[in-house]
Each structure stands twice: as structure tokens, then as C-alpha cells.
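Student: Residue strings, one per chain:
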Amino acid sequence: GAGVSQTPSNKVTEKGKYVELRCDPISGHTALYWYRQSLGQGPEFLIYFQGTGAADDSGLPNDRFFAVRPEGSVSTLKIQRTERGDSAVYLCASSLRSGGSSHTDTQYFGPGTRLTVL
Amino acid sequence: QKEVEQDPGPLSVPEGAIVSLNCTYSNSAFQYFMWYRQYSRKGPELLMYTYSSGNKEDGRFTAQVDKSSKYISLFIRDSQPSDSATYLCAMRTSGSARQLTFGSGTQLTVLP
Numbered sequence: 001g002a003g004v005s006q007t008p009s010n011k012v013t014e015k016g017k018y019v020e021l022r023c024d025p026i027s028g029h030t031a032l033y034w035y036r037q038s039l040g041q042g043p044e045f046l047i048y049f050q051g052t053g054a055a056d057d058s059g060l061p062n063d064r065f066f067a068v069r070p071e072g073s074v075s076t077l078k079i080q081r082t083e084r085g086d087s088a089v090y091l092c093a094s095s096l097r098s099g100g101s102s103h104t105d106t107q108y109f110g111p112g113t114r115l116t117v118l
Numbered sequence: 119q120k121e122v123e124q125d126p127g128p129l130s131v132p133e134g135a136i137v138s139l140n141c142t143y144s145n146s147a148f149q150y151f152m153w154y155r156q157y158s159r160k161g162p163e164l165l166m167y168t169y170s171s172g173n174k175e176d177g178r179f180t181a182q183v184d185k186s187s188k189y190i191s192l193f194i195r196d197s198q199p200s201d202s203a204t205y206l207c208a209m210r211t212s213g214s215a216r217q218l219t220f221g222s223g224t225q226l227t228v229l230p
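In the order they appear, the protein sequences are chains A and B.
Counting in our numbering, the first sequence runs from 1 upward without gaps.
Counting in our numbering, the second sequence runs from 119 upward without gaps.
Treat the hints with care, since some could be wrong.
[As the list claims (entries may be wrong)] Straight-line C-alpha distance at most 20 Å; calculated DMTMM-like pairs for lysine to aspartate or glutamate:
id, chain 1, residue 1, chain 2, residue 2
1, A, 15, A, 105
2, A, 78, A, 57
3, B, 120, A, 24
4, B, 188, B, 123
5, B, 188, B, 201
6, B, 160, A, 44
7, B, 185, B, 175
8, B, 188, B, 121
9, B, 160, A, 57
10, B, 185, B, 121
11, B, 120, B, 196
12, B, 174, A, 71
[To be verified] Pulled a few chain A residues facing chain B out of the computed Cβ check, cut under 10 Å:
id, residue
13, 16
14, 18
15, 20
16, 28
17, 29
18, 40
19, 52
20, 63
21, 91
22, 93
23, 106
24, 108
25, 116
Since the hints were made in silico from the structure, they are not lab data.
None of these values were measured; they are calculated from a predicted model.
For each residue, glycine too, the CB sits at the ideal point set by N, CA and C.
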């Protein structure tokens with residue numbers, strides 16, 4: 001079956017512009033996560049959805065970052081007034097649900113969107 | 119200081135060698151421990167998932183967790199060139215927080 005997909009794979013934008021990054025989770029997965037990975041670092045948590053609601057957005061760095069998941073499937077990460085420091089790979093992951101056994105809460109990652117802010 | 123520390127390497131070994139990868143952590147609330155493999159320009163792929171202390175084996179891979187020392191390891195036996203990748207340790211608590219906390223990754227190259 002299809003894994004987690006993310007579009008676009010690459011995004012180049014100018015400082016100050018607005019960007020949207022899309023994530024299509026594995027079908028039937030109710031939990032969805034966004035992470036950000038800078039060069040040479042591990043992924044860092046941004047936000048987690050259980051269904052349509054953001055269950056934990058404690059990792060969002062500031063109010064320029066926002067994410068939605070209106071129908072409990074596809075999610076969009078939105079970044080306003082982009083800054084050069086936002087350049088990173090943005091990873092999306094999904095799991096069958098959150099918590100429970102390794103079978104249900106294993107997070108499967110997409111290939112990421114490489115964002116470059118010039 | 120980061121919650122999870124991982125030697126970034128790079129680590130280079132000959133084909134067939136046993137590889138040992140390690141992470142230390144400071145948060146005693148971590149209960150679930152994972153190892154992910156990440157190829158260049160790809161997303162992380164889960165290799166091993168363990169709960170609390172102990173060992174788990176899956177083919178050529180063995181994961182060990184020592185909660186008393188806050189130390190986890192991944193061993194790769196009979197390493198292959200296809201094992202060349204970055205290996206990320208990850209962990210999370212058993213509470214309501216579901217996010218994973220990752221190490222910075224160790225870059226491994228297995229030479230043919």
C-alpha cells in the first residue's frame with residue numbers, strides 16, 4: 001500500500017513569503033505528526049494531530065507556523081513570513097493511532113519537503 | 119544539553135563487521151525506544167521498537183536498552199554496504215505526549 005506522501009518534494013522561496021506544505025498520511029491512520037530536520041540533526045517535533053484536532057502543538061517555534069487537518073486525513077503546514085532560519089526538511093509521519101502497542105503507534109515517515117528560504 | 123545524545127560519527131567499517139551504535143539520554147520518563155534508518159534524501163524508516171529495558175533481536179539487528187544507565191544500543195551483525203545510512207535513535211514517554219525525541223544521528227558507511 002501507499003506510504004506517507006508529501007508535496008512538494010522541494011520548495012524554494014524568498015524571505016518573507018508564505019508557504020504551504022502538504023502531507024497525505026497512510027490511509028486509515030488517525031494520528032499525524034510534523035517534524036523539522038535541519039542538516040546534520042535528528043528530526044524535531046512540531047505538532048501532532050489526533051483526528052482533526054491538534055493534540056499537541058508545543059513544538060511550533062512561533063506564531064508564524066500553523067498546521068491544519070480539517071477532515072482528519074490530509075494535513076497542511078503553513079509558514080508565514082518565512083525566514084532563512086526556516087530552511088530545513090519538513091517531515092510528516094502518521095500512525096494507526098496514538099499510544100497502545102508498537103503496532104498501533106509506530107510512526108511511519110514520508111520523504112519530506114526540503115524548504116529553502118533565500 | 120540535549121535530552122538525547124548520539125555520536126554523529128561518521129563511522130566507517132568493512133563489510134561483514136559488527137557495528138555498534140549508541141545513544142544516551144537524560145529523561146528518565148522515556149519508556150519507548152526506537153531505531154530508525156535514514157538514507158540520503160529519504161524519510162526515516164523504523165528498524166527496531168523496544169519497550170523499557172532489555173534486548174530485542176530481529177535478523178541481523180539487536181537493540182538493547184539499559185534504563186538504569188540511560189543508554190541504548192543497536193548492533194548490526196554481518197554489515198552490508200546496503201546498511202550505509204544515518205541511524206537515528208528515538209524515544210518517547212508513556213504519558214500523553216506522543217512525539218518522538220531523536221538523537222542527531224550516526225552516519226555509517228560499510229565498505230565493500
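Student: State the violated hints by number, sorted upward, taking the hints as numbered earlier in the document.
Tutor: Those not satisfied are hints 1, 3, 5, 9, 11, 12, 13, 14, 15, 16, 17, 19, 20 and 25.
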